[in-house]
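Q: In order, the protein sequences belong to chains Y and U. For the record, in the first sequence the residue sitting at position 129 is 129 according to the working numbering, with numbers rising by one throughout. For the record, in the second sequence the residue sitting at position 3 is 3 according to the working numbering, with numbers rising by one throughout.
Treat the hints loosely; a few may be bogus.
One copy or two, it doesn't matter: identical chains are merged, so the pair holds either way.
[Unchecked claim] SDA-like, lysine to any residue: derived pairs with alpha carbons at most 25 Å apart: (1) LYS21 to ARG170; (2) LYS25 to ARG46; (3) LYS159 to PRO66; (4) LYS21 to GLY175; (5) LYS25 to ILE178; (6) LYS25 to ILE42; (7) LYS25 to ARG14; (8) LYS135 to ASP88; (9) LYS21 to HIS53; (10) LYS21 to GLY107; (11) LYS25 to HIS53; (12) LYS123 to VAL57; (13) LYS25 to SER110; (14) LYS21 to PHE41; (15) LYS25 to THR7; (16) LYS25 to PHE41; (17) LYS123 to LEU157; (18) LYS25 to LEU186; (19) LYS25 to ARG94; (20) LYS25 to MET174; (21) LYS159 to GLU148; (22) LYS25 to GLY116; (23) LYS25 to VAL115; (24) LYS21 to GLU10; (25) LYS123 to ARG156; (26) LYS21 to GLU84.
Note that these hints are calculated values from the structure, not bench results.
There are 2 protein chains.
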Amino acid sequence: MDTPLDTLTEQFRRLPGIGIKTARKLAYYMVQQPPEAVEVFISAIRDAKEHMHFCSVCFNLSSQDPCPICSDTSRDRTTICVVETPQDVQAIERSGDYHGLYHVLHGALSPLDGVGVDDLRIKELLQRLGDTEVKEVIIATDPDVEGEATALYLARLLKTAGIRVTRIARGLPMGGDIEYADEATLAGAVANRQDM
Amino acid sequence: MDTPLDTLTEQFRRLPGIGIKTARKLAYYMVQQPPEAVEVFISAIRDAKEHMHFCSVCFNLSSQDPCPICSDTSRDRTTICVVETPQDVQAIERSGDYHGLYHVLHGALSPLDGVGVDDLRIKELLQRLGDTEVKEVIIATDPDVEGEATALYLARLLKTAGIRVTRIARGLPMGGDIEYADEATLAGAVANRQDM
Numbered sequence: 001m002d003t004p005l006d007t008l009t010e011q012f013r014r015l016p017g018i019g020i021k022t023a024r025k026l027a028y029y030m031v032q033q034p035p036e037a038v039e040v041f042i043s044a045i046r047d048a049k050e051h052m053h054f055c056s057v058c059f060n061l062s063s064q065d066p067c068p069i070c071s072d073t074s075r076d077r078t079t080i081c082v083v084e085t086p087q088d089v090q091a092i093e094r095s096g097d098y099h100g101l102y103h104v105l106h107g108a109l110s111p112l113d114g115v116g117v118d119d120l121r122i123k124e125l126l127q128r129l130g131d132t133e134v135k136e137v138i139i140a141t142d143p144d145v146e147g148e149a150t151a152l153y154l155a156r157l158l159k160t161a162g163i164r165v166t167r168i169a170r171g172l173p174m175g176g177d178i179e180y181a182d183e184a185t186l187a188g189a190v191a192n193r194q195d196m
Numbered sequence: 001m002d003t004p005l006d007t008l009t010e011q012f013r014r015l016p017g018i019g020i021k022t023a024r025k026l027a028y029y030m031v032q033q034p035p036e037a038v039e040v041f042i043s044a045i046r047d048a049k050e051h052m053h054f055c056s057v058c059f060n061l062s063s064q065d066p067c068p069i070c071s072d073t074s075r076d077r078t079t080i081c082v083v084e085t086p087q088d089v090q091a092i093e094r095s096g097d098y099h100g101l102y103h104v105l106h107g108a109l110s111p112l113d114g115v116g117v118d119d120l121r122i123k124e125l126l127q128r129l130g131d132t133e134v135k136e137v138i139i140a141t142d143p144d145v146e147g148e149a150t151a152l153y154l155a156r157l158l159k160t161a162g163i164r165v166t167r168i169a170r171g172l173p174m175g176g177d178i179e180y181a182d183e184a185t186l187a188g189a190v191a192n193r194q195d196m
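Next up, chain Y with everything else stripped away, as it sits in the complex (with noise of 0.2 Å):
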């Protein structure tokens, strides 16, 4: 028979990249925390789950609508930066570069997942496309196979409407090894190439 710590440990195993030693760790750790403890966390949970919601605009997760990127009007409105996921939003702008808007497509066509065009935000950019006052749409969807596709779809798509569409450069990681890099990098690498 299941106990609840077994059922606990299940749970924790469905998150993603929890393997089952970690699960059980986990729900080891947590079952001997002390309730007030247990609690907060709980109520972390409830919080993040009640209060944070997609964007109108951008669909970046937010506690606010519009979210504060979108309504920072200090933020350069011409160009829009366009990625996976609310995660890379949060990763850009810890580089501290970018300065104008985003849009989150929750995702990258991937046919054989049944991944399309209708399951991304991609009407919901054009829409904003027409509304505003943007030049420059800056594809940053992963360097893999899915994210090459979906940067090509809307290369093709955007273009059509007259918009200067660039795409994050493929270069060395900081740190990175000429050596071992794989041949598509040290490619991408040499063809953006920068001058001193």
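Chain Y is fixed; fit chain U onto it per the hints.
A: Coordinates of chain U only, in the frame set by chain Y:
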């Protein structure tokens, strides 16, 4: 200002073995789950916290008291396996070869971390040994500094009481490689050699 998502990320980060990147991924995943799935997760935590307690005999975690192992009359009551954590009990039970009882110390001696004899369930172990027909105590603390110190301490303590005290074998793990094994493991493997 911290959003509810940041608060949840911070809560996930406090869990053992969860770094900032995994914590972010889990927080984003959680807020994007259907409300029912989130409630199932929360109920699993509440249930486990509410129903899992320490067995009053062996101090293993269980939803019953005494735990199913202590209550199982078919088990060998002359042998007690002493472990550091409830997870260790589960690991040995999964191995399927041990049919005696357990005693969970809830830690190992570690003066640097302020864990002394009185912080472990050693007094309760001595009490059990006094009350019952135990003939052998197998010390299955981890083969690290704290675990070895605890094993030595217990061995001295129990031998004066005239009980057979054994230590789980040190040796090469299944799939291990003699060439890359450390000295202590190899020395143990040779010392613990078995007739074939």
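Q: Could you run down the list of hints and mark each one as holding or not?
A: Results of checking the hints against the structure:
Within a single copy, LYS21 and ARG170 get their C-alpha atoms only as close as 36 Å, which misses the 25 Å cut-off; across copies the closest is 22 Å, which meets it. Proximity of LYS25 and ARG46 under a CA criterion of 25 Å is satisfied in both settings, with 23 Å inside one chain copy and 17 Å between copies. Taking the shortest Cα distances, LYS159 and PRO66 never come within 25 Å of each other, neither inside one copy (27 Å) nor across copies (71 Å). For the homomeric pair LYS21 and GLY175, the shortest alpha-carbon distance between copies (19 Å) is at most 25 Å, but the shortest distance inside one copy (32 Å) is not.
In the homo-oligomer, the alpha carbons of LYS25 and ILE178 never lie at most 25 Å apart, since the shortest distance is 39 Å inside one protomer and 30 Å across protomers. Taking the shortest Cα distances, LYS25 and ILE42 sit within 25 Å of each other both inside one copy (18 Å) and across copies (17 Å). For the homomeric pair LYS25 and ARG14, the shortest alpha-carbon distances inside one copy (14 Å) and between copies (13 Å) are both at most 25 Å. In this homomeric assembly, LYS135 and ASP88 come within 25 Å of each other (Cα to Cα) only inside a single copy, at 22 Å, whereas the closest approach across copies is 61 Å.
Proximity of LYS21 to HIS53 under the C-alpha cut-off of 25 Å is restricted to the inter-copy arrangement: shortest distance 21 Å between copies versus 32 Å within a copy. In this assembly of identical chains, LYS21 and GLY107 lie within 25 Å of each other by CA distance solely across copies; the values are 19 Å between and 29 Å within a copy. Taking identical chains as interchangeable, the C-alpha atoms of LYS25 and HIS53 lie at most 25 Å apart only when they sit on different chains, with a minimum of 16 Å there against 31 Å within one chain. Taking the shortest alpha-carbon separations for LYS123 and VAL57, only the intra-copy value of 12 Å comes in at or below 25 Å, while the best inter-copy value is 64 Å.
For the homomeric pair LYS25 and SER110, the shortest alpha-carbon distance between copies (21 Å) is at most 25 Å, but the shortest distance inside one copy (34 Å) is not. Within a single copy, LYS21 and PHE41 get their C-alpha atoms as close as 21 Å, and across copies as close as 18 Å, so both meet the 25 Å cut-off. Taking the closest pair of Cα atoms, LYS25 and THR7 come within 25 Å of each other both inside a single copy (13 Å) and across two copies (22 Å). In this assembly of identical chains, LYS25 and PHE41 lie within 25 Å of each other by CA distance both inside one copy and across copies; the values are 16 Å within and 16 Å between.
When the C-alpha separation of LYS123 and LEU157 is checked against a cutoff of 25 Å, the pair qualifies only within one copy, where the shortest distance is 11 Å, while the shortest distance between copies is 74 Å. Taking the shortest Cα distances, LYS25 and LEU186 never come within 25 Å of each other, neither inside one copy (41 Å) nor across copies (29 Å). For the identical chains of this complex, LYS25 and ARG94 are inter-copy neighbours only, at 15 Å across copies versus 31 Å inside a copy, given an alpha-carbon limit of 25 Å. For the homomeric pair LYS25 and MET174, the shortest alpha-carbon distance between copies (23 Å) is at most 25 Å, but the shortest distance inside one copy (34 Å) is not.
Proximity of LYS159 and GLU148 under a CA criterion of 25 Å is satisfied intra-copy only: 16 Å inside one chain copy versus 68 Å between copies. For the identical chains of this complex, LYS25 and GLY116 are inter-copy neighbours only, at 24 Å across copies versus 38 Å inside a copy, given an alpha-carbon limit of 25 Å. Proximity of LYS25 and VAL115 under a CA criterion of 25 Å is satisfied inter-copy only: 21 Å between copies versus 34 Å inside one chain copy. When the C-alpha separation of LYS21 and GLU10 is checked against a cutoff of 25 Å, the pair qualifies both within a copy, at 11 Å, and between copies, at 22 Å.
For the identical chains of this complex, LYS123 and ARG156 are intra-copy neighbours only, at 14 Å inside a copy versus 74 Å across copies, given an alpha-carbon limit of 25 Å. In the homo-oligomer, the alpha carbons of LYS21 and GLU84 lie at most 25 Å apart only across protomers (17 Å), although the nearest pairing inside one protomer, at 30 Å, exceeds that limit.
Checked against the numbered hints given earlier, this structure breaks hints 3, 5, 18; the rest are met.
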